[in-house]
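Assemble the whole structure, with the sequences as input and the hints as a guide.
2 protein chains.
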Amino acid sequence: MTERTRLRRLPEQGSHRREDLHAVLDAGFVCHLGMEVEGGPMVVPTSYGRSGDVLYLHGSVASRTLRAAKRSAPVCVTVTLVDGVVLARSVFNHSVNYRCAMVFGVPELLTDEGDKLAGLKTISDHIAPGQWEYARFPSGKELAATTVLRLALDEASVKVSEGPPDDGDGPDGELEVWAGEIPLRTVRLDPVADPDLRGGIDLPDHLRDGGTAPGATPWRVLDPGRR
Amino acid sequence: MTERTRLRRLPEQGSHRREDLHAVLDAGFVCHLGMEVEGGPMVVPTSYGRSGDVLYLHGSVASRTLRAAKRSAPVCVTVTLVDGVVLARSVFNHSVNYRCAMVFGVPELLTDEGDKLAGLKTISDHIAPGQWEYARFPSGKELAATTVLRLALDEASVKVSEGPPDDGDGPDGELEVWAGEIPLRTVRLDPVADPDLRGGIDLPDHLRDGGTAPGATPWRVLDPGRR
Numbered sequence: 037m038t039e040r041t042r043l044r045r046l047p048e049q050g051s052h053r054r055e056d057l058h059a060v061l062d063a064g065f066v067c068h069l070g071m072e073v074e075g076g077p078m079v080v081p082t083s084y085g086r087s088g089d090v091l092y093l094h095g096s097v098a099s100r101t102l103r104a105a106k107r108s109a110p111v112c113v114t115v116t117l118v119d120g121v122v123l124a125r126s127v128f129n130h131s132v133n134y135r136c137a138m139v140f141g142v143p144e145l146l147t148d149e150g151d152k153l154a155g156l157k158t159i160s161d162h163i164a165p166g167q168w169e170y171a172r173f174p175s176g177k178e179l180a181a182t183t184v185l186r187l188a189l190d191e192a193s194v195k196v197s198e199g200p201p202d203d204g205d206g207p208d209g210e211l212e213v214w215a216g217e218i219p220l221r222t223v224r225l226d227p228v229a230d231p232d233l234r235g236g237i238d239l240p241d242h243l244r245d246g247g248t249a250p251g252a253t254p255w256r257v258l259d260p261g262r263r
Numbered sequence: 037m038t039e040r041t042r043l044r045r046l047p048e049q050g051s052h053r054r055e056d057l058h059a060v061l062d063a064g065f066v067c068h069l070g071m072e073v074e075g076g077p078m079v080v081p082t083s084y085g086r087s088g089d090v091l092y093l094h095g096s097v098a099s100r101t102l103r104a105a106k107r108s109a110p111v112c113v114t115v116t117l118v119d120g121v122v123l124a125r126s127v128f129n130h131s132v133n134y135r136c137a138m139v140f141g142v143p144e145l146l147t148d149e150g151d152k153l154a155g156l157k158t159i160s161d162h163i164a165p166g167q168w169e170y171a172r173f174p175s176g177k178e179l180a181a182t183t184v185l186r187l188a189l190d191e192a193s194v195k196v197s198e199g200p201p202d203d204g205d206g207p208d209g210e211l212e213v214w215a216g217e218i219p220l221r222t223v224r225l226d227p228v229a230d231p232d233l234r235g236g237i238d239l240p241d242h243l244r245d246g247g248t249a250p251g252a253t254p255w256r257v258l259d260p261g262r263r
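Those sequence lines, one after another, are chains R and C.
Position in the first sequence (first residue = 1) + 36 = the numbering used here.
Position in the second sequence (first residue = 1) + 36 = the numbering used here.
Derived from the structure by calculation, the hints contain no laboratory data.
Note that this is a predicted model, so its numbers are computed, not measured.
Hints are not guaranteed to be accurate.
A partial selection of chain R residues facing chain C, derived with a Cβ cut-off under 7 angstroms [stated by the list, open to error]:
#1 His68
#2 Gly76
#3 Pro174
#4 Pro200
#5 Pro219
#6 Leu220
#7 Arg221
#8 Asp230
#9 Asp232
All residues carry an ideal CB built from backbone N, CA and C; glycine is no exception.
As structure tokens, this is what we get:
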């Protein structure tokens, strides 16, 4: 734990347990990558995957920036899952329920072809298990045009905010005001085939929704949530 | 437009039109705020609201950091809405459909009580219209304990990625591989009352779901999406 990952506000919500970190990272697939560009911070979204205690980031959106940025420049990778809006009796106690992981470090810009493939497979398996084996394998040229970053989960923290508002047991609890949570979830809609798709090609099984029970779906993006 | 907001990759997806910027900002309610802390970037999620060409950020999560950070320190505020996973015929052409707004600038830490109230009302109205009038008004003490940032939308850009994969008209279009999009949406579940809620208090009308038709719901967090 470093000064930076010390949980300053509401430390009771914080965690440094590795399994909590993994759980949040595994529930999302788009992170926000922060780095310094031209003397100021820049935050870009990108997709990622986790393998053990390593995070692989797809550098597409940020690739020019990343190449332009100094090697060995520090970054902050933040993954946030918004679970609900907390409606309190007082304006002051309103909040958002969320799970958030922050990872600090100096990412490695992968150059080795094997490393890049391992990173891309991790990202692909994370977002849509089965696609790596199903879709056409990357060519050498395509691989060269793809930026992949590797970041160790050495310096990280997790913060989770959940449950009802906490103004029910004070004087505000007597107010004639409804309080509770409106849960939010990310769901997938029915797949939309490419209008250019050749006839006679069905949606493969690995892209079908496996159901809504936690663990039953091959789609992590569904994120069945914490309840 | 500055060098920083010039859209370098896939400029055809980019936009500098103000109404596009507003539309993306209005569809979300949690942003990622990037700033420099202890010599490196730090990215934290926080809620926000827009009023005209001004963004108000709730500084709760970042308040200690923000107070510690230099006044007149530059930030980057990024709002990302993930609309779907794009499944292509080749691994290389896989992507994510999204809308993303990036705002650069030096935020103002509000100190005037009237300014703070205006900012908080904007955030409250943005997330849950009607709550500001319904819930208990902030006390002077609560207001003093709340951090609100104001950031002008002077330097900003928007990027939108949508539609099917683009490898249908090349040689990969002949492959026996399904291609298309799995749309993702954020939906609200049924409200969950605080277990400590006093009896006899019904969910107020302004918190009820107004329906699924775009424009019919008072809940912007529902984000009916682009289709």
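Verification of the hints:
| no. | hint | result |
| --- | --- | --- |
| 1 | His68 | holds (4 angstroms) |
| 2 | Gly76 | holds (4 angstroms) |
| 3 | Pro174 | holds (5 angstroms) |
| 4 | Pro200 | holds (4 angstroms) |
| 5 | Pro219 | holds (4 angstroms) |
| 6 | Leu220 | holds (6 angstroms) |
| 7 | Arg221 | holds (6 angstroms) |
| 8 | Asp230 | holds (4 angstroms) |
| 9 | Asp232 | holds (3 angstroms) |
The structure is consistent with each of the numbered hints, conforming to all of them.
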